Amino acid sequence: MEYRHGGDIYGTDEILLDFSVNTNPFGMPEGIRKAVIASSDSWERYPDSLCRKLRQGLADYYGMRGGQWDCGDFICGNGASDLFYTMALALRPRRAVLTAPSFAEYERALRLGGCGIEWYATCEAQGFSPEAEEDAFFSFVERTDGLSLVMLGNPNNPNGLAVSLEWLSRLADICREKGALLAVDECFNWFVPERERYSALALLGREEERFAHVLVFQAFTKIYAIPGLRAGYAVCKDHAVLRKMEESRQPWSLSAPAEAAALAALKEDAYAGWTARETAILREELAAGLRRLGFAVYPSAANYLLFRRRDAVDYAAYLRKRGILIRSCANYQGLGEGYYRVSVRRRKENEALLRCLREAVKGAGSGSDRADKQDVRR
2 MEYRHGGDIY GTDEILLDFS VNTNPFGMPE GIRKAVIASS DSWERYPDSL CRKLRQGLAD
62 YYGMRGGQWD CGDFICGNGA SDLFYTMALA LRPRRAVLTA PSFAEYERAL RLGGCGIEWY
122 ATCEAQGFSP EAEEDAFFSF VERTDGLSLV MLGNPNNPNG LAVSLEWLSR LADICREKGA
182 LLAVDECFNW FVPERERYSA LALLGREEER FAHVLVFQAF TKIYAIPGLR AGYAVCKDHA
242 VLRKMEESRQ PWSLSAPAEA AALAALKEDA YAGWTARETA ILREELAAGL RRLGFAVYPS
302 AANYLLFRRR DAVDYAAYLR KRGILIRSCA NYQGLGEGYY RVSVRRRKEN EALLRCLREA
362 VKGAGSGSDR ADKQDVRR
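Residue numbers for the sequence shown follow this note's numbering, so the first one is 2 and each next one is one higher.
Source of the hints: derived by calculation from the structure; they are not laboratory data.
Computed from a prediction, not measured in an experiment: that's the story for all the values here.
Backbone N, C-alpha and C define an ideal beta-carbon position, used for all residues, glycine too.
Don't take each hint at face value.
[What the hints assert, rightly or not] Restraint ranges, calculated between C-beta atoms of paired labels, are given here:
(1) Phe-139 to Ala-318: 36 to 44 Å
(2) Leu-267 to Glu-247: 19 to 27 Å
(3) Arg-293 to Asp-315: 19 to 27 Å
(4) Ala-297 to Glu-15: 29 to 37 Å
(5) Gln-69 to Val-314: 48 to 56 Å
(6) Ala-313 to Ile-118: 51 to 59 Å
(7) Gly-295 to Glu-210: 48 to 56 Å
(8) Arg-207 to Gly-274: 17 to 25 Å
(9) Leu-17 to Ser-140: 28 to 36 Å
[Stated by the list, open to error] Each computed PhoX-like pair below joins lysine-lysine, with the alpha-carbon atoms no more than 20 Å apart:
(10) Lys-268 to Lys-35
(11) Lys-363 to Lys-322
(12) Lys-54 to Lys-363
(13) Lys-54 to Lys-35
Given only the sequences and the hints, what does the whole structure look like? Please build it.
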């Protein structure tokens with residue numbers, strides 16, 4: 002499989018609008034920008050390889066939200082993806098269950114660690130939700146011999162659907178009985194209104210021993226629009242798991258400006274909450290617009306939408322000629338040609354996308370494919 006990601010604006014034609022990367026449409030908070038600039042005096046020194054200040058900041062942040070937390074519950078890295086690879090190399094799981102479709106870096110990291118993959122193909126008619134087919138999915142996990150790990154995104158990428166905390170707790174119990182780790186990628190959880198209701202961190206804070214085998218990944222990258230800095234962390238109550246990851250992690254993987262950004266992000270809860278509420282409104286507007294054009298749009302709780310249309314048009318290529326990037330999902334396990342993902346941007350940008358897609362749908366019958374970028378941003 003070819004691994005490609007969104008956000009590839011380099012070495013290509015002029016890009017006017019980028020819907021291929023799922024960062025906050027409202028940009029970086031000013032408090033984070035100022036903190037990064039103010040940290041410049043520290044750039045001449047090596048950063049703290051153990052990220053002690055940030056780990057303590059995370060413990061204080063979650064401690065104010067309930068449960069008992071200390072800095073030993075956290076490990077920090079250069080975004081969540083960095084920690085996926087650290088997990089795979091440190092723990093060397095033998096066999097893992099992944100849902101299809103899901104983020105390609107799960108598979109890539111695990112295979113580099115020598116792990117075998119068992120794919121569970123979620124049902125398109127159910128919005129690609131394993132929760133909607135609970136009995137079948139749980140049975141699949143229970144029947145998998147030599148299981149070491151179950152890993153999923155919540156919300157999942159590329160469809161954006163979130164599973165409930167109650168469902169996660171039942172899956173965690175099955176994993177514990179199997180002697181397997183449950184890894185949950187919550188990088189897009191920040192975009193879900195009332196996100197605590199869907200976060201596995203609530204399980205860890207509530208019943209530490211029962212859910213000690215649950216490993217949760219979070220990142221500031223998407224919600225605070227800092228992909229050029231990259232700052233993520235993983236949380237687990239089994240400190241032996243985190244110690245193994247720490248021993249396998251590259252030193253200084255989190256730069257000084259990235260740590261400064263992360264520390265400032267812990268003070269930006271109001272911005273994150275406002276973003277989630279506004280993005281939810283914009284998401285539903287964009288979904289409605291896509292449906293009016295005849296696209297099938299899948300349910301999402303995140304800041305992006307998966308959609309498709311059964312015709313011969315390559316919508317990603319069509320839009321690229323007009324300076325707009327969207328994410329083709331042809332390389333996702335369980336999808337294929339004709340599936341696309343778009344991030345939710347600001348209203349005027351979303352309207353520009355819909356105008357170009359309307360032209361594409363209209364031109365599909367006429368065979369017209371005239372590229373014109375000048376009106377994209379109007």
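### Query
Going back to the hint list, which numbers does this structure go against?
Hints 6, 9 and 12 not satisfied by this model.
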